[in-house]
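> Going line by line, the protein sequences match chains D and U.
Each residue of the first sequence is one higher than the one before, counting from -16 in my numbering.
Each residue of the second sequence is one higher than the one before, counting from -16 in my numbering.
The reader is advised that the hints may include incorrect statements.
Note: identical chains are not told apart, hence a pair may lie in one copy or across any two.
[Unchecked claim] The calculated lysine-lysine pairs, modelled on BS3-like cross-linking and capped at a C-alpha distance of 30 Å, are:
1) 77 - 138
2) 261 - 195
3) 195 - 38
4) 166 - 146
5) 260 - 138
6) -7 - 38
7) 260 - 219
8) 260 - 77
9) 166 - -7
10) 166 - 147
11) 77 - 166
12) 30 - 219
13) 146 - 37
14) 166 - 195
It is worth saying that the hints were derived from the structure and are not from the lab.
Since the model is a prediction, treat every value here as computed from it, not as a measurement.
Number of protein chains: 2
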Amino acid sequence: MSVLIICPGKDAKKWVEALKDLEPRINLSVYPEVQEPENINYAISWKHPRGIFKKYPNLRVIASMGAGVDHITSDPEIPENISITRIIDEQLCKDMSSFVLSLVMNKVRNISLHHSARSWEPLMYNQVEEEQIGIMGLGTLGEAVAIKLLANDFKVSGWSKSKKHIEGVQSYNGERGLSEFLKRTTLLVCLLPLTSETENILNKELFEQLPKGAYIINVARGEHLVEHDLLEMIDKKQLSGASLDVFRNEPLPQEHPFWKHPRINITPHIASVTDPKKVIGQIFENYKRMLENLPLKNLIELRKGY
Amino acid sequence: MSVLIICPGKDAKKWVEALKDLEPRINLSVYPEVQEPENINYAISWKHPRGIFKKYPNLRVIASMGAGVDHITSDPEIPENISITRIIDEQLCKDMSSFVLSLVMNKVRNISLHHSARSWEPLMYNQVEEEQIGIMGLGTLGEAVAIKLLANDFKVSGWSKSKKHIEGVQSYNGERGLSEFLKRTTLLVCLLPLTSETENILNKELFEQLPKGAYIINVARGEHLVEHDLLEMIDKKQLSGASLDVFRNEPLPQEHPFWKHPRINITPHIASVTDPKKVIGQIFENYKRMLENLPLKNLIELRKGY
């Protein structure tokens, strides 16, 4: 019985320390230093090399180091019988909701626009109550963001695959609900999971259904956004701008046109930084549950992708 | 009996329209077109020319067009027997508190810093709960801002001339309370009235009493801040930066060093723009009260200056 930590390009040390703090005697390997692949039955993973999990014939669980699991589910070589779990982190909800609030307030009161204009030209602003926030994705994070924005007097609606009930939030779902949802949304926040259905969902066709001058905030995944369509729609003034925290290629390449665009506000994927110490408890609990053949917590469905 | 509107450099038309909408038969003059100065007994004013009110021997009330009255009280030639009133505007409280929230969130999550750096270097951020907001000035606006920030999980304390009680806010007052207040404040918000006592209060001596790396937000008046001291304290890293909405000279001159400073976030006095239609009711009510010799509302004390 052994646990594998696999996060190439990321410092594994903090994860090892956090796990050893909980269980000093745990049998632990850090990729790529694995002596006995057949002993690995639990992997703690972030952006593993494609196909690598085939090397561990007795692997039963892959635990994502974060809330997202698309870095796992996008690998077609993951056997169907492996369980995949994600992190549900209260701090992550707090970080994400305060981050989205900061982007929304920044947009509403034109802080970055004034900052980069460096000239004394007051811009018109809407009252908070005049903005209709539309959140795509009403999972744990989407709900936390909705509640935070409602508490700050914004009107909030949401769209998700299946119908959700959140007090004070007008909720839409499915293909048919999408148009209704979009046509009233002045400020769109994307918090969708990344699946084959949601990839490229932020595209021209969607943007054209928003009211003229709507604004886009993407804090989910870069792959949700068709970058060229965003630039075109801003140029045509269908959109007034965007705040982007996630990109197809991270770090965002220095020559990318987003960097210099006056209407695009860029942050370097900082919505929430997961602290291993705070989330290792959940990961370790699932490890014990696996050993005792108990149902795992925060399990995702491989086929749905979330 | 006649009302004078006096706001050089500002469009008086909206004020005339708003007043005529309420009382079409009102006897109204707009400075400098005044036929019978001795008829003027009520002035609605914003930044009048110094000494001008001596020309109206029967003037009884000066109503400020906004929440601030320093543009009136700073004129030494205003006779003591003239009543001065200010605007208390719920929208102004809402605007100010959402504006301060936007500046605070912008600071906490480094939005403008990331935006202007244009490079992929995630900056460390504090959790919202780790920031200790200190509000200088706990009048109507200061209280609204305190409540808004408390509701967003910030720790909030306040300092004012006399002791104030706001639930959840640690309140300090007077000279002796100031040091205690400053030494715990990581994010200082200035919402003081401008008086001879508060002019230049944001100076080196005050900044040195804050914890290293504290941040300044000034949304009150440019005259509160000693500009050179701010620049020096940022250069010495005693302060991490500032967001300024008000300046000694407005518009802020193009050659002013604030414009290009990477740690100073500038907005062109946009915290709240007063809508004449929304506040004319209070001004007109005080006019009727004056005619009926009833006590005026939102009266300020000339000697205190607020």
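> Tell me the hint numbers this structure goes against, listed in increasing order.
3, 7, 9, 12 and 13
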